[in-house]
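Q: Using this note's numbering, the final residue of the sequence shown is 544, and nothing's skipped along the way.
Honestly, I wouldn't trust all of these hints.
[What the hints assert, rightly or not] Simulated pairs of lysine-lysine, BS3-like, Cα-Cα distance not exceeding 30 Å:
hint	residue 1	residue 2
1	Lys221	Lys33
2	Lys505	Lys219
3	Lys204	Lys182
4	Lys19	Lys204
5	Lys364	Lys289
6	Lys216	Lys182
7	Lys354	Lys261
8	Lys221	Lys381
I should point out that these hints are in silico values taken from the structure, not numbers from a laboratory.
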Amino acid sequence: MDTLYIEKVAEEFNTHFKKKKIVGYDLTNNHFKISIEGKIFTFVLTNPNGILIEKGRIENRTLLKRYRNLFIREVKTLNCDRIIVFKLVKITVSGRMENYQLIAELTGKNSNIFFTEENGKILFRAKEALTSARETEIGKIYQPPPLNKKAFKEITFGKVTPEGVEKNLYKYVAGLSPLNCKEIAFYMREGMPLEKAYQTFMEKHKNSKTAFIYFKNGKPKILTTFQYSCLSGIEFKIFEEDLSFIKAWDYFTRENRKSDKIGKIKRELSKIIDRKLKVAENRLKQIEKPEKLLKEAEEFQKKGELLKYNLHLLKPGTESVQVRDFTTEEDITIKIDPAKTPSENLNAIFKKAKRLRSRAEHEKIAEEELKREIAWLKALKEKVKELENYEGLQEIKDSLILEKRNKKKKKTKPFREIILPSGKTILIGKNRIENEILSLKVANPWDLWFHTKEIPGSHVILRLERNETPDDEDIETAASAAVFYSRGRESGKIKVDFTKAENLKKPPGTPPGFVIYRNEKTILTTAEKFEKLLRNNLIRFQNA
Numbered sequence: 001m002d003t004l005y006i007e008k009v010a011e012e013f014n015t016h017f018k019k020k021k022i023v024g025y026d027l028t029n030n031h032f033k034i035s036i037e038g039k040i041f042t043f044v045l046t047n048p049n050g051i052l053i054e055k056g057r058i059e060n061r062t063l064l065k066r067y068r069n070l071f072i073r074e075v076k077t078l079n080c081d082r083i084i085v086f087k088l089v090k091i092t093v094s095g096r097m098e099n100y101q102l103i104a105e106l107t108g109k110n111s112n113i114f115f116t117e118e119n120g121k122i123l124f125r126a127k128e129a130l131t132s133a134r135e136t137e138i139g140k141i142y143q144p145p146p147l148n149k150k151a152f153k154e155i156t157f158g159k160v161t162p163e164g165v166e167k168n169l170y171k172y173v174a175g176l177s178p179l180n181c182k183e184i185a186f187y188m189r190e191g192m193p194l195e196k197a198y199q200t201f202m203e204k205h206k207n208s209k210t211a212f213i214y215f216k217n218g219k220p221k222i223l224t225t226f227q228y229s230c231l232s233g234i235e236f237k238i239f240e241e242d243l244s245f246i247k248a249w250d251y252f253t254r255e256n257r258k259s260d261k262i263g264k265i266k267r268e269l270s271k272i273i274d275r276k277l278k279v280a281e282n283r284l285k286q287i288e289k290p291e292k293l294l295k296e297a298e299e300f301q302k303k304g305e306l307l308k309y310n311l312h313l314l315k316p317g318t319e320s321v322q323v324r325d326f327t328t329e330e331d332i333t334i335k336i337d338p339a340k341t342p343s344e345n346l347n348a349i350f351k352k353a354k355r356l357r358s359r360a361e362h363e364k365i366a367e368e369e370l371k372r373e374i375a376w377l378k379a380l381k382e383k384v385k386e387l388e389n390y391e392g393l394q395e396i397k398d399s400l401i402l403e404k405r406n407k408k409k410k411k412t413k414p415f416r417e418i419i420l421p422s423g424k425t426i427l428i429g430k431n432r433i434e435n436e437i438l439s440l441k442v443a444n445p446w447d448l449w450f451h452t453k454e455i456p457g458s459h460v461i462l463r464l465e466r467n468e469t470p471d472d473e474d475i476e477t478a479a480s481a482a483v484f485y486s487r488g489r490e491s492g493k494i495k496v497d498f499t500k501a502e503n504l505k506k507p508p509g510t511p512p513g514f515v516i517y518r519n520e521k522t523i524l525t526t527a528e529k530f531e532k533l534l535r536n537n538l539i540r541f542q543n544a
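Please construct the entire structure, taking both the sequences and the accompanying hints into account.
A: Here's what the structure looks like:
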């Protein structure tokens with residue numbers, strides 16, 4: 001935050017709270033709080049700095065206990081720097097006045113709070129100051145941070161250009177920031193000399209009663225004390241209420257905290273998803289190819305069939321036998337166990353073929369599950385990137401760490417996957433995030449999508465082959481499942497809309513799980529059909 005903005009904040013404190021009491025203090029996690037007139041003002045001492053305002057009273061009764069209920073005599077900035085000084089006075093029981101200072105240095109990463117006597121003797125500091133430029137220990141005389149700049153009027157300028165002013169003026173003039181200089185340079189490009197441009201800028205700042213916040217990509221990025229011409233065309237918000245500058249800074253701080261919070265959970269989720277993706281992809285690489293196993297099974301089956309008709313060739317102690325393959329007209333050699341009888345060798349070969357077919361089926365199922373899991377994780381990763389809603393991101397995080405919370409619990413997979421009596425598969429979302437990814441990322445364009453009309457519930461997908469016409473029975477079952485997994489489950493007959501997944505669309509900025517659709521048909525049904533199938537074990541859960 002620049003010096004001029006903090007100057008306006010100090011003016012507001014002085015205008016609205018002069019002669020009011022500071023009734024309490026608190027310090028937690030680099031957040032220093034003061035309580036005035038039923039309001040709590042928090043100075044955020046981390047970088048970037050901030051001010052928060054809220055209603056309430058401070059519960060801490062020990063911090064600076066002796067200096068509670070001090071009257072605010074004056075509030076101002078110090079040395080054209082980002083320092084707010086509260087001049088305080090305490091009236092003792094005997095009527096004597098004692099003067100103190102509460103000094104808020106809002107100077108970025110080196111921000112601090114000092115409480116001093118009138119002569120500057122330090123009685124309290126919020127943080128240990130790691131600097132050799134001044135002494136800040138308790139009992140020392142307070143010194144402001146060194147400032148190697150001068151007032152504008154004290155500087156003699158030679159030939160200047162708007163470009164030079166924009167890039168360098170703030171390095172020499174106290175109280176100016178790079179953005180301030182950019183605005184001054186704008187006036188110079190409009191034809192003003194430097195002195196006039198500076199005077200115009202300072203007059204606009206002095207006369208302004210409202211704060212402005214400028215946005216980038218929907219997020220607050222810049223706070224100014226008036227509307228800057230150099231920021232023309234950028235989205236902004238005006239704060240015209242009382243405590244305009246303090247409340248604008250509060251809004252700016254809270255929104256950026258929210259943005260930081262979202263950024264943090266996004267990074268956490270990306271790490272979790274990447275880790276799960278790596279595990280799934282490694283497991284997929286290790287899976288034996290079902291085609292290879294089936295080929296081996298066919299070879300053993302063939303050897304068994306050939307051996308069955310040539311058992312008479314097996315002699316005791318023989319380790320191999322050569323037989324004629326009449327399909328290829330070639331001789332093949334079959335290895336056998338000399339310790340086993342001909343019949344035992346034959347059964348062993350057929351068992352080997354059977355085990356290979358079983359393994360091939362198992363590996364095929366595992367391969368399909370892993371491919372679905374990888375597709376889901378990739379879709380989830382894309383969703384995390386685009387989602388700017390903290391609650392939605394937290395919902396994803398909760399579902400991903402469910403396994404960690406209870407290690408004994410069976411691994412939770414995305415979606416409910418159910419095999420219908422017809423052999424068709426339906427997929428059912430378990431939450432808003434799953435609903436959206438299921439409908440917009442996982443479903444094929446030709447799959448059918450079901451959802452209860454105007455009633456919250458799970459998205460249901462009926463899997464179909466391309467150009468396949470769905471069976472009426474499967475449509476009714478999928479619609480009944482949509483009612484079963486909705487809030488209308490106990491409400492009797494419910495309208496269920498269904499359409500092809502290609503007819504779904506998500507409007508920008510809408511909550512997770514929200515979609516719009518077209519070309520829908522509507523069926524009136526209940527949850528009873530699906531419940532009956534459940535009771536009679538006529539459907540199979542691949543993943544519940």
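Q: Hints first: check each against the structure and report whether it holds.
A: Hint check:
Between Lys221 and Lys33 the CA atoms are separated by roughly 25 Å; this keeps the pair inside 30 Å, and the hint holds. Straight-line distance between C-alpha atoms of Lys505 and Lys219 comes to about 26 Å, which keeps the hinted pair within the 30 Å bound. For the proposed pair Lys204 and Lys182, the alpha carbon gap of about 15 Å is at most 30 Å, so the pair holds. Between the alpha carbons of Lys19 and Lys204 the distance comes to roughly 29 Å, so the proposed pair stays at or under 30 Å and holds.
For the hint linking Lys364 to Lys289, the alpha-carbon distance of about 8 Å falls within 30 Å, and the restraint holds. With a C-alpha separation of about 18 Å, the suggested pairing of Lys216 with Lys182 holds against the 30 Å cut-off. Only pairs whose Cα atoms come within 30 Å are accepted, and Lys354 paired with Lys261 is rejected, the gap being roughly 55 Å. The straight-line distance between the Cα atoms of Lys221 and Lys381 is roughly 27 Å, inside the 30 Å bound, and the hint therefore holds.
In summary, the one numbered hint that this structure violates is 7.
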